[in-house]
Amino acid sequence: MNTVIFRTIAPIIVAIMLVFSVYVCLRGHNEPGGGFIGGLIAALAIVVLGISSSAAEARRALHFDPLSIAGAGVLLAGLSGLLSIFNGNPFMTSIWLYLNIGGSIVPFSTPMVFDIGVYFVVFGTIASITLALESENGEEL
Amino acid sequence: MGPNIDASIALVAVAPFIAAALAPLLHRFTKPLSGWVLALVPAAIFVFLVSLIKPVLATGMISARIGWVPAYGLDLSFFVDGLSLTFALTISGIGTLIFIYSVAYLAGHPHLGRFLAFLMAFMGAMLGLVLADNMLGLFMFWELTAVTSFLLIGFDAVRVVARRGAIQTLVITNIGGMALLMGVLLVHHLTGIWALSDLGVHGHALHENGLYGLVLACFIIAAFTKSAQFPLHFWLPNAMEAPTPVSAFLHSTTMVQAGVYLLARAAPWLGHTAAWTTILICFGGVTLLWGALGSLRQTDLKQMLAQSTIASLGLLVLLIGLGTETAIAGTVIYFVAHALYKAGLFMVVGTIDHEAGTRDITALGGLSGKMPVTFAAAVLAGLSMFGLPPTIAFFAKEEMYLDLFAPHWQDLSVLAVLIAGNALLAAVGALVVIKPFIGAATSTPKSAHEGSLGLLAGPVVLGFASIAAALSLGWFGHTVLAPAANAILNEPIESHLRWAIDLGQPVIWLSLATWVLAVLAYRNAATIHTMLRRLDTALGWTADTVFDAAMFGLIRFAGDMTRALHHGRLELYLVTVFLMLALALVVPLFGLGAIDALWPSEQLGDWSAKLAWLQLLPHEWGVIALALAGLGAIVAAPNRLYSILALGVQGTAVALIFLMFGAPDLAFTQFIVEILSVVILALVMTRLNLDKRDHRPFEDLARDGTLALVCGVGVSLLLMVVLTGTLDTRLSDFFIATSVPIAHGHNIVNVILVDYRGFDTLGEISVLMAAGIAIMVLLRNRRKAILAAPFVPPTLVVPKVKPKPDKSAKSASASKNKAAPKPKSAVGKAVVATSPEAAVEPARAPRRKRAAP
Numbered sequence: 457m458n459t460v461i462f463r464t465i466a467p468i469i470v471a472i473m474l475v476f477s478v479y480v481c482l483r484g485h486n487e488p489g490g491g492f493i494g495g496l497i498a499a500l501a502i503v504v505l506g507i508s509s510s511a512a513e514a515r516r517a518l519h520f521d522p523l524s525i526a527g528a529g530v531l532l533a534g535l536s537g538l539l540s541i542f543n544g545n546p547f548m549t550s551i552w553l554y555l556n557i558g559g560s561i562v563p564f565s566t567p568m569v570f571d572i573g574v575y576f577v578v579f580g581t582i583a584s585i586t587l588a589l590e591s592e593n594g595e596e597l
Numbered sequence: 024m025g026p027n028i029d030a031s032i033a034l035v036a037v038a039p040f041i042a043a044a045l046a047p048l049l050h051r052f053t054k055p056l057s058g059w060v061l062a063l064v065p066a067a068i069f070v071f072l073v074s075l076i077k078p079v080l081a082t083g084m085i086s087a088r089i090g091w092v093p094a095y096g097l098d099l100s101f102f103v104d105g106l107s108l109t110f111a112l113t114i115s116g117i118g119t120l121i122f123i124y125s126v127a128y129l130a131g132h133p134h135l136g137r138f139l140a141f142l143m144a145f146m147g148a149m150l151g152l153v154l155a156d157n158m159l160g161l162f163m164f165w166e167l168t169a170v171t172s173f174l175l176i177g178f179d180a181v182r183v184v185a186r187r188g189a190i191q192t193l194v195i196t197n198i199g200g201m202a203l204l205m206g207v208l209l210v211h212h213l214t215g216i217w218a219l220s221d222l223g224v225h226g227h228a229l230h231e232n233g234l235y236g237l238v239l240a241c242f243i244i245a246a247f248t249k250s251a252q253f254p255l256h257f258w259l260p261n262a263m264e265a266p267t268p269v270s271a272f273l274h275s276t277t278m279v280q281a282g283v284y285l286l287a288r289a290a291p292w293l294g295h296t297a298a299w300t301t302i303l304i305c306f307g308g309v310t311l312l313w314g315a316l317g318s319l320r321q322t323d324l325k326q327m328l329a330q331s332t333i334a335s336l337g338l339l340v341l342l343i344g345l346g347t348e349t350a351i352a353g354t355v356i357y358f359v360a361h362a363l364y365k366a367g368l369f370m371v372v373g374t375i376d377h378e379a380g381t382r383d384i385t386a387l388g389g390l391s392g393k394m395p396v397t398f399a400a401a402v403l404a405g406l407s408m409f410g411l412p413p414t415i416a417f418f419a420k421e422e423m424y425l426d427l428f429a430p431h432w433q434d435l436s437v438l439a440v441l442i443a444g445n446a447l448l449a450a451v452g453a454l455v456v457i458k459p460f461i462g463a464a465t466s467t468p469k470s471a472h473e474g475s476l477g478l479l480a481g482p483v484v485l486g487f488a489s490i491a492a493a494l495s496l497g498w499f500g501h502t503v504l505a506p507a508a509n510a511i512l513n514e515p516i517e518s519h520l521r522w523a524i525d526l527g528q529p530v531i532w533l534s535l536a537t538w539v540l541a542v543l544a545y546r547n548a549a550t551i552h553t554m555l556r557r558l559d560t561a562l563g564w565t566a567d568t569v570f571d572a573a574m575f576g577l578i579r580f581a582g583d584m585t586r587a588l589h590h591g592r593l594e595l596y597l598v599t600v601f602l603m604l605a606l607a608l609v610v611p612l613f614g615l616g617a618i619d620a621l622w623p624s625e626q627l628g629d630w631s632a633k634l635a636w637l638q639l640l641p642h643e644w645g646v647i648a649l650a651l652a653g654l655g656a657i658v659a660a661p662n663r664l665y666s667i668l669a670l671g672v673q674g675t676a677v678a679l680i681f682l683m684f685g686a687p688d689l690a691f692t693q694f695i696v697e698i699l700s701v702v703i704l705a706l707v708m709t710r711l712n713l714d715k716r717d718h719r720p721f722e723d724l725a726r727d728g729t730l731a732l733v734c735g736v737g738v739s740l741l742l743m744v745v746l747t748g749t750l751d752t753r754l755s756d757f758f759i760a761t762s763v764p765i766a767h768g769h770n771i772v773n774v775i776l777v778d779y780r781g782f783d784t785l786g787e788i789s790v791l792m793a794a795g796i797a798i799m800v801l802l803r804n805r806r807k808a809i810l811a812a813p814f815v816p817p818t819l820v821v822p823k824v825k826p827k828p829d830k831s832a833k834s835a836s837a838s839k840n841k842a843a844p845k846p847k848s849a850v851g852k853a854v855v856a857t858s859p860e861a862a863v864e865p866a867r868a869p870r871r872k873r874a875a876p
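Protein sequence lines correspond, in order, to chains A and B. Start counting the first sequence at 457; every next residue gets the next number (the working numbering). Start counting the second sequence at 24; every next residue gets the next number (the working numbering).
Read the hints as simulated data drawn from the structure, not as lab findings. This one's a predicted model, so the numbers in the text were calculated from it and none came from an experiment. Don't take every hint at face value.
[Unchecked claim] Rough simulated footprint, nothing fancy, chain A against chain B, three-plus residues with beta-carbon under 8 Å:
1) 102–112
2) 683–697
3) 766–775
[Unchecked claim] Partner residues aside, some chain B positions facing chain A, computed with beta carbon under 7 Å:
4) Ser-700
5) Ile-703
6) Leu-706
7) Met-708
8) Arg-710
9) Leu-713
10) Val-790
11) Leu-791
12) Gly-795
13) Ile-798
A virtual CB, placed ideally from N, CA and C, is assigned to each residue, including glycine.
Please build the complete structure, drawing on both the sequences and the hints.
Put into structure tokens, the structure is as follows:
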């Protein structure tokens with residue numbers, strides 16, 4: 457697995473996978489995709505990075521502890537549900553905003569924020585498990 | 024008063040908890056006087072409750088309500104009637120004195136602040152209990168008294184006996200708590216009422232109900248555990264491990280009286296049946312005699328009082344069971360009288376213990392000269408316990424004897440039990456008051472001297488209160504006795520207490536008989552004591568030993584169960600899981616006849632229609648062939664790594680099937696999951712040092728294979744059965760119709776996940792994260808195990824671990840990395856590093872780093 461070719465190409469694959477994962481996550485509301493599958497793809501990207509270099513390298517690239525990312529995801533998902541309280545609606549009632557950005561209508565919604573939270577949770581959890589399995593014995597987990 | 028009474032009643036129950044939270048802080052700033060400061064809280068409550076006497080007399084009842092769970096129609100409601108007012112006044116009044124006494128008694132104790140907080144919370148729980156209107160509120164406060172009394176009894180937690188007493192109290196009273204919860208829910212189920220105040224009016228229907236017996240049993244178990252009725256009485260003497268102020272409070276007027284309160288409260292709608300009367304009279308009578316005799320068996324003053332409390336509780340239960348007007352009047356007067364003298368005597372005993380250093384009755388004597396005020400207080404309380412005229416207790420005794428002259432053997436035997444019990448209790452009272460104070464002075468561990476003001480205030484005030492109540496008999500009868508008895512009987516009654524001793528009435532002769540018997544018992548106390556001791560040793564076991572046996576048995580049973588179920592062998596866990604899955608599939612299919620749907624007997628000729636799905640396109644056949652090939656490869660693979668890869672192939676084929684038959688989202692996810700699971704499984708296999716090959720013996724293989732086949736066939740059959748029925752499409756129709764207009768999304772799967780069922784998803788992602796944390800913990804623990812490995816004798820480790828790195832290194836280099844001089848594949852590296860020698864140094868370095876800052 458540590459061939460020169462793989463090590464050279466891996467960052468490019470990882471980058472493409474990450475961008476693709478975001479694309480899949482965001483288009484999920486209307487096309488096949490969503491936060492769950494997007495998070496899985498992103499986690500897979502980190503796995504590839506970990507195999508090509510090392511778990512420690514992947515961790516450094518992530519900057520945040522993957523479990524913290526998962527925690528932030530749960531928080532984000534929960535908070536997105538709380539927003540409806542300001543409208544006087546029950547927990548998790550969706551709110552939609554259509555913003556006109558540069559001539560095109562871009563929809564923003566609390567389900568989208570929620571889905572991004574799901575993305576982070578799936579990504580963070582799977583990444584932390586796989587990185588822990590990939591990491592060297594002496595490393596901090 | 025007016026409208027703000029409502030809030031204030033709730034405050035009576037809530038204020039002590041607020042005070043409890045502040046007590047430690049308050050204690051720190053007002054140290055020597057903290058008892059007096061904190062006593063202001065119960066004192067204020069007492070004064071407030073006194074101001075309620077008039078409205079209660081006028082209207083019969085005041086209630087207050089705070090919304091609690093409005094969705095279920097539950098209110099945190101309180102009410103004050105004669106009964107709860109009597110209890111609440113006694114609790115807050117005696118509570119005031121207890122706080123003053125506690126700080127004097129425990130002066131200088133390092134955890135006094137904490138103690139005061141516990142005591143305050145306990146008092147709040149107790150006040151809430153007697154004021155609660157909602158039965159669930161009653162239950163909540165009931166359990167709060169159990170928890171806070173646990174903290175109080177186990178306050179001296181460094182001593183084993185204190186911890187044991189606390190745990191025993193908690194266990195026994197919680198059995199009652201559970202019974203109470205069940206009883207409360209049953210009552211609500213049967214009547215639809217939560218409020219105790221409504222039950223008094225509408226509760227009579229309970230008597231005719233078939234479940235009356237069960238309701239009665241629940242309430243009686245609750246009351247008997249709390250009020251220490253035979254045979255559940257044994258926790259009370261052990262609870263004496265608490266500091267004396269706690270005993271004085273818990274065992275005179277609060278904790279143990281909660282059961283009496285419950286019975287009195289339930290009497291209007293649960294009582295007046297043969298079962299109620301018989302059970303209460305029998306158990307009450309036995310408890311009365313047992314406790315009174317047990318009291319004479321003791322030599323420790325505090326234990327004597329504890330046992331006599333059991334007897335008094337039995338007496339109260341018996342009187343409630345009798346249920347006649349005079350018996351109920353006797354209950355109320357006796358409750359008040361007992362609370363006054365028992366709290367006083369406990370405090371006196373505590374003072375003796377505090378100043379003389381012992382409370383063994385055989386080691387004490389002649390203290391009256393050294394502790395004259397204490398002696399005076401003891402005499403006042405003793406007069407009450409003996410039931411002599413200038414105290415209110417005298418009238419309690421008169422009342423209870425009053426109606427028992429009917430020429431029935433039942434009445435006469437109850438009368439005999441009452442006289443014997445009262446006489447024995449009077450003898451105990453005489454012993455406690457006379458023995459330590461009169462007679463030849465003995466040498467005590469400390470040189471005895473008079474207690475401080477804080478120690479003396481309580482017993483003296485209580486002693487005078489008892490006499491004051493008797494002197495203002497008309498007032499007492501009108502404002503305390505009549506409303507309380509009225510609440511228990513649920514019919515208006517008038518007090519007929521008078522200061523007239525009519526020698527023509529037989530009652531006074533019965534009182535005289537009681538006193539004569541008491542004097543006889545007092546004179547022969549030593550003989551009775553030895554006889555009871557002998558009986559004890561002859562018996563060999565007590566309820567206490569039974570409790571211990573039950574508790575240790577439970578712990579052993581729990582340990583055995585854990586070891587049996589949690590054996591730590593993954594293989595067997597998996598077998599269990601799949602066995603249950605197989606059962607869950609097979610039992611409904613074959614046992615309940617669901618499988619019949621697959622072969623309709625009349626339509627056997629129609630098989631071709633059922634096989635229509637076999638007409639697939641060539642590429643679809645190809646995918647199915649791929650899945651089958653993957654399956655075959657899993658089974659036939661020479662080692663586990665190949666199996667894992669083959670599993671990925673098979674899963675990908677399944678994902679393709681999903682894709683072809685219209686579930687792109689599912690297929691999409693399945694692809695990624697397959698890749699991830701292959702990667703993770705391969706990592707787990709190498710990281711956890713699993714054998715590369717499957718070494719299961721044939722029996723295990725046969726067992727696992729059978730299970731796998733049963734599960735697989737079962738799932739297939741189940742799906743086929745499901746498909747024979749018509750699917751209810753209402754839900755999916757709704758989603759299809761509303762997904763775009765109200766949820767603004769075309770992908771229904773995703774819209775369901777993030778919008779329609781968003782709350783479910785929130786739960787799921789939380790679980791996912793929790794699972795991730797759990798896995799991380801397991802992996803970290805494993806790392807620690809590796810760290811610990813060098814300390815295991817090397818002969819044990821080396822032969823096991825060493826061959827592996829060699830083998831894997833060889834295979835890794837042979838298969839993938841021929842050019843590299845050293846095997847550096849992830850697999851090879853991982854396994855090499857797990858050998859202890861290699862792991863120790865790098866693994867330890869970061870640890871040290873962590874420890875440094």
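Right, here's what the structure says about each hint:
1. 102–112: violated (count 0)
2. 683–697: holds (count 6)
3. 766–775: holds (count 8)
4. Ser-700: Result: violated, 10 Å to nearest chain A Cβ.
5. Ile-703: Cβ of Ile-703 of chain B sits 6 Å from chain A, so the hint holds.
6. Leu-706: holds, 4 Å
7. Met-708: violated, 10 Å
8. Arg-710: Check passed: Cβ of Arg-710 of chain B comes within 5 Å of chain A, closer than 7 Å.
9. Leu-713: violated, 13 Å
10. Val-790: Interface hint status for Val-790 of chain B: violated (10 Å vs cutoff 7 Å).
11. Leu-791: holds, 5 Å
12. Gly-795: Holds - the Cβ of Gly-795 of chain B comes within 7 Å of chain A, reaching about 4 Å at its closest.
13. Ile-798: Given a least distance of 5 Å, the restraint on Ile-798 of chain B holds.
Violated hints, in rising order: 1, 4, 7, 9 and 10; the structure is consistent with all others.
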